[in-house]
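Peer 1: Please work from the sequences and hints to get the whole structure.
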Amino acid sequence: MSFAVSLLAASMAVLSPMGGAHGGADVSAVFAAPSGDVLRAVTFDEAAVPAGARVTVTERTSQDGTRIHLRLRGIQPGRTFGAHVHMNPCGTRPEDAGAHYQHVKDPEQPSTDPEYANPRNEVWLDFTTDRQGDGQSSASVGWRFRSGEARSVVIHEHATETAPGRAGMAGARLACVNVPFK
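If you count by mature numbering (1 follows the signal peptide of the UniProt record, and there is no 0), then the sequence shown holds residues -23 to -1, 1 to 159, one letter each, in order.
Careful: at least some of the hints might be erroneous.
[To be verified] Pair by pair, the computed Cβ-Cβ distance ranges are:
hint, residue 1, residue 2, range
1, 10, 91, 33 to 39 Å
2, 82, 142, 16 to 22 Å
3, 27, 141, 31 to 37 Å
4, 124, 70, 24 to 30 Å
5, 97, 27, 30 to 36 Å
6, 87, 55, 28 to 34 Å
Think of the hints as simulated: they come from the structure by calculation, not from any bench. These numbers were taken from a predicted model, which means no experiment stands behind them. All residues carry an ideal CB built from backbone N, CA and C; glycine is no exception.
Peer 2: And the structure:
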């Protein structure tokens, strides 16, 4: 049985809702079980994020910074999830996506210091699904990604924690979508 992922749409340059021309990425994909193929979107927990669920990630950049919008359809209903931009692309294992992208990198990894692991220095996209299993979130930051250092969005088990020693943690990695952030 093939677990091919269908890429529904991708475009690179549109008018920014932040104002002015920009660069950015739009990715729509269908989650599939992990395989040896290069994947657009992969699920590691089909009870939470079933194969066949849909995801869209939109990036808009301007001189003022970056806005990311995440939208999911058909995942576990009535649940809160964490979601973050990660440094590496998705792979066949949850850890393949690497650490959270940080504008100012924490010298101590994994980063759990609220000085670094916070929604101003990372992109946090936590969301709660409705009764149909649909959810969405947006985040805006006053900076742009360094080229090639932001490659995916990971959906996590629970909302992102903020306490010292736990900041940025959101539990297990349930799913991942590759995004060519600019």
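Peer 1: Can you tell me whether the CB distance of residue 87 to residue 55 sits inside 28 to 34 Å?
Peer 2: holds (30 Å)
Peer 1: For the range 31 to 37 Å, tell me whether the beta carbons of residue 27 and residue 141 fit it or not.
Peer 2: The hinted range 31 to 37 Å holds for residue 27 and residue 141, with Cβ atoms some 36 Å apart.
Peer 1: Measuring from beta carbon to beta carbon, are residue 82 and residue 142 in 16 to 22 Å?
Peer 2: Cβ of residue 82 to Cβ of residue 142: about 18 Å, so the range 16 to 22 Å holds.
Peer 1: Holds or violated: 30 to 36 Å for the Cβ distance of residue 97 and residue 27?
Peer 2: At roughly 33 Å between Cβ atoms, residue 27 and residue 97 fall inside 30 to 36 Å, so the hint holds.
Peer 1: Do the Cβ positions of residue 124 and residue 70 conform to the proposed distance bound of 24 to 30 Å?
Peer 2: Roughly 25 Å apart at Cβ, these two residues keep to the hinted range, so it holds.
Peer 1: Residue 10 and residue 91, beta-carbon distance inside 33 to 39 Å?
Peer 2: For residue 10 and residue 91 the Cβ distance comes to about 35 Å; the hint holds.
Checked against the numbered hints listed earlier, the structure breaks none of them; every hint is satisfied.
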